[in-house]
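*Asks:* Sequence:
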Amino acid sequence: MIPLSVAWDDIGGLVDAHERFLAGSPVESDVRDSVLDSWKRCRSVGLEPHRLLVRYTADVALDDRLQRAVDPVLTELSASLADVGMTIALCDGQGRMVQRLGGDRQLCERLDAVQFAPGFDASEQVVGTNGIGTALAERGPVYVVGREHFADCLQPFACAGAPVRDPLSGRIEAVLDLTCLRDQGDPAMVGMVREAARDIEARLLEQATEREHALLAAYRRADGHARGWPKQPEHLPPAPYGGALGRLDLAVLREKAEELIASPHRTLDQITLPSGRTATLLRRQVRGAAGESGVAVEARVLGGPRLSHLRPAPSDTQPPPTHAAARTPAPSEPAGPSAPSGPTTAPASVPPQPLPAPRSTQAPPAPEPQPWPAPNAVTHTAVTPPSPVTRPAPDGDRDGEGDGAEGWLLLVGEPGVGRLAMLARRRLGLLHDASVRIGTTLDVTRTAEELAEVTVDRFADFVAVDLPDSVLRGEEPEALGGRTALRRVAIRAVREDPYNLYDVGDLVEYVPSTPQARSLETRQSVLEPVLAEAGGWIAQDPERLEQVLAAGIHSLITVPLRARGTTLGVVSFYRSLQPASFEDDDLSLAQELACRAAICIDNARRFTREHNTALTLQRSLLPRGRAEQSAVEVAYRYLPAQAGVGGDWFDVIPLSGARVALVVGDVVGHGLHAAATMGRLRTAVHNFASLDLPPDDVLTHLDDLVGRLDRGEGWAAESSPDCGIVGATCLYAVYDPVSRRCTLTRAGHPQPAVVAPDGTVEFLDLPSGPPLGLGGMPFETVELELAEGSQLVLYTDGLVEDRHRDIDTGLDKLRAVLACVDRPPEETCEAVLDALLPARPGDDVALLVARTHTLGADRVAQWDLPSDPAVVSRARVAVTERLAAWHLAELAFTTELIASELVTNAIRHATGPLQLRLLRDRALICEVSDGSSTSPRLRRACTEDEGGRGLFLVAQLTERWGTRYTPEGKVIWAEQPLP
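Position in the sequence shown counted from 1, then plus 426, gives you the working numbering.
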């Protein structure tokens, strides 16, 4: 370790931003995102800008394969920069400098002074933000200039770095860097270093291609195509109907051949193709002239009963065709065409057997194979199966073994390349499954669980997902940092009792040095291939995490869950049972998985927010508490659908004359629009009910309102997705406790149920009017008399109908539940919901149960009066006597005055029979009815007017008053609160 201490130097700008960052102030608007992320990483590992401890390693070198690819590129790049004061630095995949080329004397001396020289470590966690270390951390080209360097000693320089990847594995093998003094820096350096890195990668790919061509040539020279197989007929004539291997058959063969190349302990593999044929693959070692080591895979396809492209030669003594048996010759048996064969079938996988030495003179060379095009970069050399040729069948060996089989060279490649191809295919399969299985619901927690379920045992052995509580509530999350409290939402592990610090539901607060905190802080993924060396991770809980390491956890990837520019949480992938540590390709795969999951989590969060908003709106629009009335005893329930809040509503509206209106409605659709429309319709029903309109008139006015809303009048533009309600249904009932009469009408709504006091259930046969908004059809009413204690049950269609149950089945089930004697409305609601509602209702449900009461004769006083002014005095006397009998003498004076004014107005301005009625309910109600349809109006009388003050006095002496129309005329009523 070499300590460096450099005095502060403000050359290069950004000094103020750097100081403010170190002080903890926000600098997002002053610093590039990539530089700021690097600064955060440096701070999280505890780097100090004024003092660095740089590691030195002697004899750092690249492997020969990489060095051969690098040398020509560096030579050409050095020549192009000969007249420029710029150095070329080449580092290995860990950031240790291997060599440094070019640059004038002054630049080299300054670089030596800061230990930017071969053997020294230039990784970001050691020397801070720089072209080499930051390119490794960002896994891409970077440009760092002046004060953008985290360390004070590096700020006089400008540098551009780019990683060099193995084109087959994708692993970063080296880093190329261009460095100069800050004043000579140019962002174009990024393009230069990136092109040089690409040239190196292209040369690496050429080397792989050359090795595979050498292996293929060695295979041909050895005549491997004829050896290592059981004996079988040399040539078979084609079937008269022809046919060759299909595209799917060839794809399966190629996939299995790649797996066989990657499996050093397997020699044979027997598979069944999609076409129904059986194929046997043989793995053989091949060594090129220059020492290249590889594997050749030969294929034999056995037709069996579904053979379509070959058939055995005709013979009178030939037995029925059988599947050819593939076996590996024993060590004592000679390999080749003369090896004896038997009818036994080889297992799918057998231990490798000694192979004969390659020979080039014992048999003619195999026919020149044609390459089979592959979709990816060169990973294997593939050969298409040769076309069958018609030749006479041999005289011997007609026992049928091998009938219908042909063999050819399928793939030639290196075992390491085969492993990469197999891993790539598995990763693609995992991504496909993730796209199908993640995000099946709009539930945040369930989506996090799906991410863990998809990745455990196929990618990681233990997965934990942590989200802030605000995301679970559907809110916009605040900026997440290292100290942000998260909630452990999902855990999945291969073991039943995994070692973990937190369980589902626990609050998690990561210390700043942990990979999770660094991911949240920098918004980038963190790879810890060896957890035992990750001191920042162990700092979370050293004692407990030592036990975790002892249990086998050895590798970690943390990925921030980011969607639409917002960080939603972090996911941690651990490995324990899988011996291989996470590598660069795994990091890319983890980022892709987390990105897809983050989009789904954000969609679920947004849905949760909209759902909660709509639910809050709807609950605010539904009745709060119970209306003050004594006509019925009510109980109600409202349950929103799981898919979203709908437009169901109910209402209990007190009317004049101790009556009550019961309303249940349903707006088509879900979401905010349905909830808002429901609120408008409920308000309209209240307004129409306050006018004491008959039930059919209420629905007529409501139908007109819905039609205008459908047409967008005063609602929304035609192009808005919220315009158009499509329809709504409603049931409106009015119950009079004095006469026990109930008047009902409906607009496309399910039939109400009436439960008699003896438990008999009847669904009322109401004429079904059209849904609201269609217009043009009148609504019919039905009037019936209800016994005291009857229950009127009103509901929406979500209670009795869903996708798995028709409405008749639901009504039968509802009838069975309601058939109970003397059950309170609250218990009736509970019984109905328990019996009829599924665990996750697909539609919202509104249920209203009302048990009727009666206003007895002892609480009602009624007098028929002639149309004679002299009767007014007798009416006053009768009212006074009745109030005295009801012990309401305190209200005698005002009630006498009210009755006198109302009766006088009826005699003077109305026609027909008169009737005076007093009702003692929650209030004292005085009613005067006549045969006229003319409604009186309250007006302000002038000083000199002799009349016009009667209704004004009534309005001042009562709590409320009004007029309602009847088929015979009208009723003027006034209410006074009881003392």
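You may find that some hints are simply not true.
Below 25 angstroms or equal to it, Euclidean Cα-Cα: the simulated SDA-like pairs (lysine to any residue) are [as the list claims (entries may be wrong)]: (1) Lys1239 / Cys1255; (2) Lys1396 / Arg1375; (3) Lys1239 / Gly1202.
In short, the hints are calculated from the structure, not lab data.
*Asks:* Determine for every hint whether it applies to the structure shown.
*Replies:* Each hint tested on the structure:
no.	hint	verdict
1	Lys1239 / Cys1255	holds, 14 angstroms
2	Lys1396 / Arg1375	holds, 21 angstroms
3	Lys1239 / Gly1202	violated, 35 angstroms
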